[in-house]
Each structure stands twice: as structure tokens, then as C-alpha cells.
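Colleague: If you want the building blocks of each chain, they are given just below.
Number of protein chains: 2
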Amino acid sequence: MSTHPLDPIFHPRTVALFGVPSKSEAWGAQFHRALVDSGYDKSRMFLINPKADEIDGLPCYHSLTEVPDTVDHVISLVPARVVPELVDQCVAKGVRSLHLFTAGLAETGDPEMAKVERDAIAKLRAAGIRTIGPNCLGLYVPASGMTFSGEFPMESGNVMLISQSGANAGEIVRSLTPRGVRFSKAVSFGNGADLKAHDFFDYAAADPDTEVVVSYLEGVSHGRELFEALKRCAAVKPTIILKGGLSGAGARAASSHTGSLAGSRAVFEAACRQSGAIRVDSMEELQDLTVAIATSARTVGGRRVLLFGGPGGFAVLSSDIIAGQELELPETPAKAKQELREFIPVAGTSVNNPIDANARDREQMQKMFHILCDSGAYDVVFSTSLGSDQGGGPGRGRGRRGPTDEAETRPTPEELEAEHERVREGARILANLQGEIGIPILYVQRGGFGDGANRQASAAYAAGIGTFPSVARAAHTVRQLIEWRARREGLQTIF
Amino acid sequence: MSTHPLDPIFHPRTVALFGVPSKSEAWGAQFHRALVDSGYDKSRMFLINPKADEIDGLPCYHSLTEVPDTVDHVISLVPARVVPELVDQCVAKGVRSLHLFTAGLAETGDPEMAKVERDAIAKLRAAGIRTIGPNCLGLYVPASGMTFSGEFPMESGNVMLISQSGANAGEIVRSLTPRGVRFSKAVSFGNGADLKAHDFFDYAAADPDTEVVVSYLEGVSHGRELFEALKRCAAVKPTIILKGGLSGAGARAASSHTGSLAGSRAVFEAACRQSGAIRVDSMEELQDLTVAIATSARTVGGRRVLLFGGPGGFAVLSSDIIAGQELELPETPAKAKQELREFIPVAGTSVNNPIDANARDREQMQKMFHILCDSGAYDVVFSTSLGSDQGGGPGRGRGRRGPTDEAETRPTPEELEAEHERVREGARILANLQGEIGIPILYVQRGGFGDGANRQASAAYAAGIGTFPSVARAAHTVRQLIEWRARREGLQTIF
Numbered sequence: 103m104s105t106h107p108l109d110p111i112f113h114p115r116t117v118a119l120f121g122v123p124s125k126s127e128a129w130g131a132q133f134h135r136a137l138v139d140s141g142y143d144k145s146r147m148f149l150i151n152p153k154a155d156e157i158d159g160l161p162c163y164h165s166l167t168e169v170p171d172t173v174d175h176v177i178s179l180v181p182a183r184v185v186p187e188l189v190d191q192c193v194a195k196g197v198r199s200l201h202l203f204t205a206g207l208a209e210t211g212d213p214e215m216a217k218v219e220r221d222a223i224a225k226l227r228a229a230g231i232r233t234i235g236p237n238c239l240g241l242y243v244p245a246s247g248m249t250f251s252g253e254f255p256m257e258s259g260n261v262m263l264i265s266q267s268g269a270n271a272g273e274i275v276r277s278l279t280p281r282g283v284r285f286s287k288a289v290s291f292g293n294g295a296d297l298k299a300h301d302f303f304d305y306a307a308a309d310p311d312t313e314v315v316v317s318y319l320e321g322v323s324h325g326r327e328l329f330e331a332l333k334r335c336a337a338v339k340p341t342i343i344l345k346g347g348l349s350g351a352g353a354r355a356a357s358s359h360t361g362s363l364a365g366s367r368a369v370f371e372a373a374c375r376q377s378g379a380i381r382v383d384s385m386e387e388l389q390d391l392t393v394a395i396a397t398s399a400r401t402v403g404g405r406r407v408l409l410f411g412g413p414g415g416f417a418v419l420s421s422d423i424i425a426g427q428e429l430e431l432p433e434t435p436a437k438a439k440q441e442l443r444e445f446i447p448v449a450g451t452s453v454n455n456p457i458d459a460n461a462r463d464r465e466q467m468q469k470m471f472h473i474l475c476d477s478g479a480y481d482v483v484f485s486t487s488l489g490s491d492q493g494g495g496p497g498r499g500r501g502r503r504g505p506t507d508e509a510e511t512r513p514t515p516e517e518l519e520a521e522h523e524r525v526r527e528g529a530r531i532l533a534n535l536q537g538e539i540g541i542p543i544l545y546v547q548r549g550g551f552g553d554g555a556n557r558q559a560s561a562a563y564a565a566g567i568g569t570f571p572s573v574a575r576a577a578h579t580v581r582q583l584i585e586w587r588a589r590r591e592g593l594q595t596i597f
Numbered sequence: 103m104s105t106h107p108l109d110p111i112f113h114p115r116t117v118a119l120f121g122v123p124s125k126s127e128a129w130g131a132q133f134h135r136a137l138v139d140s141g142y143d144k145s146r147m148f149l150i151n152p153k154a155d156e157i158d159g160l161p162c163y164h165s166l167t168e169v170p171d172t173v174d175h176v177i178s179l180v181p182a183r184v185v186p187e188l189v190d191q192c193v194a195k196g197v198r199s200l201h202l203f204t205a206g207l208a209e210t211g212d213p214e215m216a217k218v219e220r221d222a223i224a225k226l227r228a229a230g231i232r233t234i235g236p237n238c239l240g241l242y243v244p245a246s247g248m249t250f251s252g253e254f255p256m257e258s259g260n261v262m263l264i265s266q267s268g269a270n271a272g273e274i275v276r277s278l279t280p281r282g283v284r285f286s287k288a289v290s291f292g293n294g295a296d297l298k299a300h301d302f303f304d305y306a307a308a309d310p311d312t313e314v315v316v317s318y319l320e321g322v323s324h325g326r327e328l329f330e331a332l333k334r335c336a337a338v339k340p341t342i343i344l345k346g347g348l349s350g351a352g353a354r355a356a357s358s359h360t361g362s363l364a365g366s367r368a369v370f371e372a373a374c375r376q377s378g379a380i381r382v383d384s385m386e387e388l389q390d391l392t393v394a395i396a397t398s399a400r401t402v403g404g405r406r407v408l409l410f411g412g413p414g415g416f417a418v419l420s421s422d423i424i425a426g427q428e429l430e431l432p433e434t435p436a437k438a439k440q441e442l443r444e445f446i447p448v449a450g451t452s453v454n455n456p457i458d459a460n461a462r463d464r465e466q467m468q469k470m471f472h473i474l475c476d477s478g479a480y481d482v483v484f485s486t487s488l489g490s491d492q493g494g495g496p497g498r499g500r501g502r503r504g505p506t507d508e509a510e511t512r513p514t515p516e517e518l519e520a521e522h523e524r525v526r527e528g529a530r531i532l533a534n535l536q537g538e539i540g541i542p543i544l545y546v547q548r549g550g551f552g553d554g555a556n557r558q559a560s561a562a563y564a565a566g567i568g569t570f571p572s573v574a575r576a577a578h579t580v581r582q583l584i585e586w587r588a589r590r591e592g593l594q595t596i597f
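First to last, the sequence lines map onto chains A and B.
Counting in the numbering used here, the first sequence runs from 103 upward without gaps.
Counting in the numbering used here, the second sequence runs from 103 upward without gaps.
Any given hint could be a false lead.
Identical copies look the same in the list; a pair holds intra-copy or inter-copy alike.
Unchecked claim - In silico lysine to any residue, SDA-like type, Cα no more than 20 angstroms apart, as pairs:
| # | residue 1 | residue 2 |
| --- | --- | --- |
| 1 | K439 | S357 |
| 2 | K439 | G211 |
| 3 | K437 | R406 |
| 4 | K225 | R183 |
| 5 | K437 | G211 |
| 6 | K217 | A449 |
| 7 | K217 | S277 |
| 8 | K333 | R589 |
| 9 | K195 | I231 |
Keep in mind the hints are simulated off the structure, nothing from the lab.
Model, not experiment: these values are computed from the prediction.
The whole structure should be built from the sequences, with the hints applied where relevant.
Modeller: See the structure below:
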């Protein structure tokens, strides 16, 4: 646990949901359902609704002050006009923190609603209560059982997510979870009326549970504070930033969304460069860099790629893609080619990088990796095989499922567990191999979506190997890492 | 049916698999399994293996000449050294066409194997037998039951695929099938020792079952013929081309793969420009342009996009992406804004393009589309809703499944069919709406992979609406269509 003053906000002992709707399909009802679905201890969760005595089988209090326990954290689900009443109750109850899911305040552009927001924050601050929001999804902290979606995993990880937008926070968690990433905590802070991006960067820098920081920002209302906090954070931890609203159309949308002034692209790029943060331009880049930074991929030391895995047409297009990212695909050294040809048949294969040859078994795969990489010709390997399968040509129909497989028989739990273990074993073998050859391996999935692909990615991640959904994204990520490292020259080394 | 001389090759009455291995996991065994799995009439399929009397319950002949019926098409699964013997049997039997899956010939770079290939083709041609290959996967023709993968759908469509690489042909079919696309036929022709790209383009131009032509090429061994055939084909049908081997590394891989000389980028680009073909640079572009050309998206008449569907953070990033593709996101006209605000609440929404407001029901969605589009401010709509669902905010947990849902109860066939019908109904409503507003709608899926997403895409496609996996890909596709149409000025209009 951190001794940072914001730390208690992430670890409330008790939570009250203020204005929880009695109909489960209503907007706002998802919060208590998410907590219940995720196993939150119901004795530490209090529902507040002036008109209900019970919702979904849980007792309901008519006001915050009726709750027969201390309340650490309040989630507000009420409309904007009820906020003054909510604030009074929070002050009277002496809560520690408030998350305003409530929207319709400053971001509407209405001066009257902006004043409601300002007055509320002033009153809360005076009472020592910190606020997340308004207009956001708040906290996801697996270690303390806090979540805003019943779909998020409740295992903790080492990545902290700081996002103004709740939707984008959700998308980041949902897209990184199947790739193996787990979070120390995530916060969506919306309008940032009280707690702002710079507060969370300072917290992340100090948080012992966080090793990688990833963020989505729209506004830069306190530019100087943000830049200073970013410098402090990026000096000690890899810090990835995606900034929305950098185009004219995007800035207009950001203003409607979180009432943010988006700021100029040039200033933002300079802030990232000077702080050593990793600037990304899209959700895909954000996801890929997070995976890369959290796995062996971050150690990539040069541009010379070995692509291990065919088939032929894929190898041709992949070569074009890798060249397009200004990476190199050095030919297999003559001696290595000769050694490979001793056991790789000629027909339908290539022993010249990219390697298009299915290994017969794991021993042969290990042998191939050693022959190729011990030559010193390569800095990084892109492998389309996880070690648990040897690829397989198109049409071979092994392991790949059709577009709709609902009619298929489902495997038994035992078969499924045996399959999981086979995948985990393959990932461990590849990780060992990586240790032996001394250069990072990136696992590239070919057209893989669905449970099987997700299991492979999770197993690879657990073994320290990052998984990428295409050669294009693996190559682009390696290029970004190399360019970022070059830009960081002169700053402190963080890995 | 076409009267083109190559047409019979696509419609064999009988097929022999020459050298079919007796072990079902062996390389080559996938062909008869694919045919059997796809319901090919076993009485028209003959297995040839000199050492077996029966394989997988099917009778096996020791040579082609033993087959007690005429043989139209032969699929060769034998090693390269057996090719001369195979050729003699084909000539003796008087077959019509041969598909050489067999690899290890000219593409190895070995002059002796190149001679085997040359001599075989000369002998076959002299006997009036046309050859597909060697070193390829051959034919996929749903109407005649031909396939090289048991996973491909056996419904016919209007897209013909011409691919040198079998792996890439497989990837194209597998990636486009869940998006609704169906094929009139696909051919993978590998080294192209006899039948070449230009032969297939000429066939496609004449084929009444083909309305859209899509191709993956590596080599340009007969550049002039290819260019002339491309001109003839692109003059009458939209013709999409992806060319592998345009980088140095890619050209090297192409040479190992299909023994192809890849040719220069400049010459290839000029050939596409002059012929009016649609040049694409990646598999993703190829897939997206195929979907666009086969749906209403191809009618897009300008750069002014209406993005319909939040939530806020998604709208902000999408705006940046759309601007990055040099498209416009015109503000909602003042009158339309006012009309929308009459029934869209202020909190948590935006009625300014991008529209971030969930419609209450279909009637409201139709009303919103009319208010927005009847203003004349837009050329194209990107909708994140298919009409069958109204989106739903993050964390609402409606319809979106977690990363692993194996433990969930499976819906009954009746529930599934009701869900399918709901999706189809939504797609039809959106298509009707499209007819009313008079501009194309592109359906953009947010993070959707899996059976549910595929059902939506197929239903949309059936209603004439293209589905795209992200705003980035929809926007890039629209930009490419507009730029291609500008480049085609002066050529015949094909749609």
C-alpha cells in the first residue's frame, strides 16, 4: 500500500450508491450490479433511494445519514439538479470521497450548471472530501473489489489506467484483458472538477502496485501542473499517453464531452518529448505499447527482425509490412541455411528469413531457433507459433474454427483444462527459448479472435511474452519503441 | 453459366485426388476431407493411391486409368518427383484439367526441378489439358461443390477471388465470410506455370456470376498480358488488387514462395491507375474495399460524414480519426440541433455531430436520422447501431460478452433464431432508412468479434449495408473510394 494521500480513495472499506434506480435496466443501475456480479461484500455496500426499501434483494436507505456504518466512498447516480442535496448529505455524513457519475454539469456549456459544479466542489473540498468526476465512470480497483463493470477481471496487475472518458477506460480494459494485461487500478475522471490528471499521475508515480502507467486525456485545463506531474511520473515509470481532440473536429467533440479545452498538438507533443512519456495516436497503439512495455518486447535492441512462421503468401506480405515500418529482415546467414536444410525438406518451405517451415515437434523448433538466432543476425523474433502448435498450413483445419460454430459440441471441463495446460506449457517453452537466445520474442496471432486466441495471449503474457494481432501491429510497435528510446536519450533509464 | 473456354474447369463433374495419403493427418489429406465435409457427392470423387484399397471408407484406385468413369479434374497431392508419372496418367485418361498442389518445382530455384515443371506443362498442353499451379490450393467454387477447406461456406456469391497464394486466398475467404461476403469462385494458382493471372482476369470479366473481382498477386511473369487483361476486366467490373513483394524483402520472399519476379512498384501503380483497378496495400484494405464495393458504401458521393453513436470518448477519438483521413464532420445544422433537443435530454449526450445519444426505440432512431440527414449537410453516415439495438453505454453490460464466456449457458436454437431474426429485422430497418435519406450508411462495429458480431455483419450485408470493424477502417475506406473515383475520371463508369 502506498502512503500517498490519495491512496485511501482507491481502497474504500464501505461504498454507498446514492440515487440507485429501482429498475435494473435504468441508467445508473449498472454500478451496484457490477459490484454484486464481481463479488463485492454486500455488507460493505449501501444503496440510497428515498423511495425504495429494497432493490434487487438488498436493503435500501432513504438518505446517506441513515446508513448505520461509516461511508468511505459515495457513487452518485442522481441527476445534476440533485447534486446540492447530495453534497449536503456527504458533508453531514463525513464521507471521504465522492464519485459523480452524474452528468449534465459544466460540460453542457450552460453557465448555471457550471456554477452548480463549482459550488459543489468548493463545499466538498472545504469539508475535506475529494471528488472524482463529474461525468465519468470512476474506480476500478481489483484489490479493493471496486469496479464499474461486471465483466472486468478481479485479479490485480501492474498497469494503472488514468482516463478522462469512461467509455475509453472500458474499451482499454476490455481490449487488454484478453491479451493478458491486468490492472493495479483504473480511474475515469470525466470533467475533472476536483481531482485532475496531474493528481493521478503523481499518485501513479508513487504507487508501489503500479509499474506501467497508461492514460487517455482530452482536456489540459491545468497545463503546467500536468506537464510537471507527467515529468515526475515518466521519469520513474513507463507512461503511455493517448490524447483525444487534437483535430478541429475532435476538439469540438471533446468540448461537448467533458467540457475540455483540448489544447494544441504541438504543445502536447513537446510535453511528451520533454517528459519522456510515450505518445500514441490511437487506441490500437495504446493497447500494443502497453502489452510491449509490460513484456519482453520492451527490451528490443535493434531493427533486425526474424519472422518465424509461414505460409508463403503471408511471409511475402509480412515482409512488405516489416520493410514499410523501416525494420530489416536480414537474410538467413549461409551457414544457418545449410544447417536448417539438413532437416527441413525443400518442397513448400523457405529457410531464408522469413522462415516458412513447420517444425515437426518442440525439439525441432528449439533447434531451429538456436541455429537462426545464435548467428547474431537478429535483434527480435516475430513468431507465429506459440510453441504449443507448429502452425499448420491453410486448409489443414487444425484448431481453427469456422465463422459460426454454435452447433459444435462443447469440450468438457477436463478437455478444456488439458488444452489450457498445453497452451501454458507452449508459452513457457517459448519463454525459456527466449532466455536462451537472448533476444525478445513477440507472438503474432494470425487472424485469431475468440476464446482460443485469448487463452494463448494470456498464457504468453504470463510467461512474459507479448501477443500482437498482426505482423503490422507488432512491427509498428517495435518501431515506436525504438524511436521512443532514441527520443528519451539523456533522460533517466527506466528499463 | 459462362461460355468462356475456361468455364468447364470451374465446374468439373468428376474429380480425382491423385496420391491422396492414407493417413488423415498427412499433408494433402485435407483436400478429400474438405470435399467430404462440404457435402461433395462421393460418387463423383475418386481417390488414387497405388498402395491403398480404401481410405476413410472411400474406395481407392491404384491409378487414374483404373477409374470406372470419365475424370474431369485431377488434384495432385504427390511429391514433385512423381509429376512425370502423373502427367502420363492424365494424358492417358484424357482428363480436362489438373491442379498441382504439388510443390518443390520451379519455385525452389533448382534448374532441374524447373525443367520437370516445364516439360510437364508442355506435355499437358499438347494433350489439351490445362493446369492450375503448381504449388497452390486450387479451386473453391461453391456452385460445383469444389473447395479446399471444409470451413468455407457452400453458398454462392458475386465476388471472384484470384490469388497466387493459397494461404492468402484462405485468409481472404475466412475474413470476408463473417462480414457477409460470398464468392462466385476462388482460384489459387501458385507458380502459374500454365494458367496465369491474365487468364483468370479475362475469365472473371466474362463470368456472369461475378460482379466484383478481388485479387492477390506476387509475380508479373507476363506483364503486358496482365496489364491488358486487367484493363479489360476493370473496364467492366470493379477489380481490387493487392500486390505482394513490392519491398525488397517482400520480393525476396515472393521469389522463394512462388518463384515470382515481383516487378517494380512504379510500374504496378501505373498499371492500376491506367486500367482503373483499385490498388490496395494490405489485407485489411482488400477486405474493406471488397465489402464497400459490394454494398451501398460504393455510392458514397462526398467527404461529409455524420457519425451516429457515442459514447463521448469514442466520439472524440473518432473525430480525430475521421479528420486524419481528410474527411469532414460538419456540425449539426442549428435547426436540426433544436429539433433534436426537443426529445434528447441534455445530460450525457451530444446532438452536435458526432451524435452521442441513444435513441429510445426504432421510431426515435428513424426520426433522428431524418432530422440530421434531410438537412443535406452529410454525404455518408457511420452508424454504430444496426437498428436492432440502441447502443448502450459502457458498463451497461447489454449484449457484450466477457473475454471468456465458456461457462455461460448456451441459448436454445429457438432463442438463437429469435435473436437472428431481431438482428435481420434491425438491418432491414436501417436499409429502409438508408433508402429514405438517400445517402449510404456504413455500419461500424465497436470492438465486436465473435458470433454475435458476425451475425450482425452478415445481416447488414444481406440488406446491402457494409460492416466495418472500426471507424478508422470505415473512414479510410471512404477516402480510398473517393480517391479511386477521382483517379478513374475519363474511364467508363461501372457503378
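Colleague: Give a verdict on every hint.
Modeller: Results for each hint:
1. When the C-alpha separation of K439 and S357 is checked against a cutoff of 20 angstroms, the pair qualifies only between copies, where the shortest distance is 16 angstroms, while the shortest distance within a copy is 59 angstroms.
2. Taking the shortest alpha-carbon separations for K439 and G211, only the inter-copy value of 15 angstroms comes in at or below 20 angstroms, while the best intra-copy value is 67 angstroms.
3. In this homomeric assembly, K437 and R406 come within 20 angstroms of each other (Cα to Cα) only inside a single copy, at 18 angstroms, whereas the closest approach across copies is 58 angstroms.
4. Taking identical chains as interchangeable, the C-alpha atoms of K225 and R183 lie at most 20 angstroms apart only when both belong to the same chain, with a minimum of 16 angstroms there against 87 angstroms between chains.
5. In the homo-oligomer, the alpha carbons of K437 and G211 lie at most 20 angstroms apart only across protomers (19 angstroms), although the nearest pairing inside one protomer, at 69 angstroms, exceeds that limit.
6. When the C-alpha separation of K217 and A449 is checked against a cutoff of 20 angstroms, the pair qualifies only between copies, where the shortest distance is 15 angstroms, while the shortest distance within a copy is 75 angstroms.
7. Proximity of K217 and S277 under a CA criterion of 20 angstroms is satisfied in neither setting, with 37 angstroms inside one chain copy and 52 angstroms between copies.
8. For the homomeric pair K333 and R589, the shortest alpha-carbon distance inside one copy (14 angstroms) is at most 20 angstroms, but the shortest distance between copies (48 angstroms) is not.
9. With identical chains, the CA atoms of K195 and I231 are at most 20 angstroms apart within one copy only, with a shortest distance of 11 angstroms there and 90 angstroms across copies.
The earlier numbered hint that this structure contradicts is number 7, and it is the only one.
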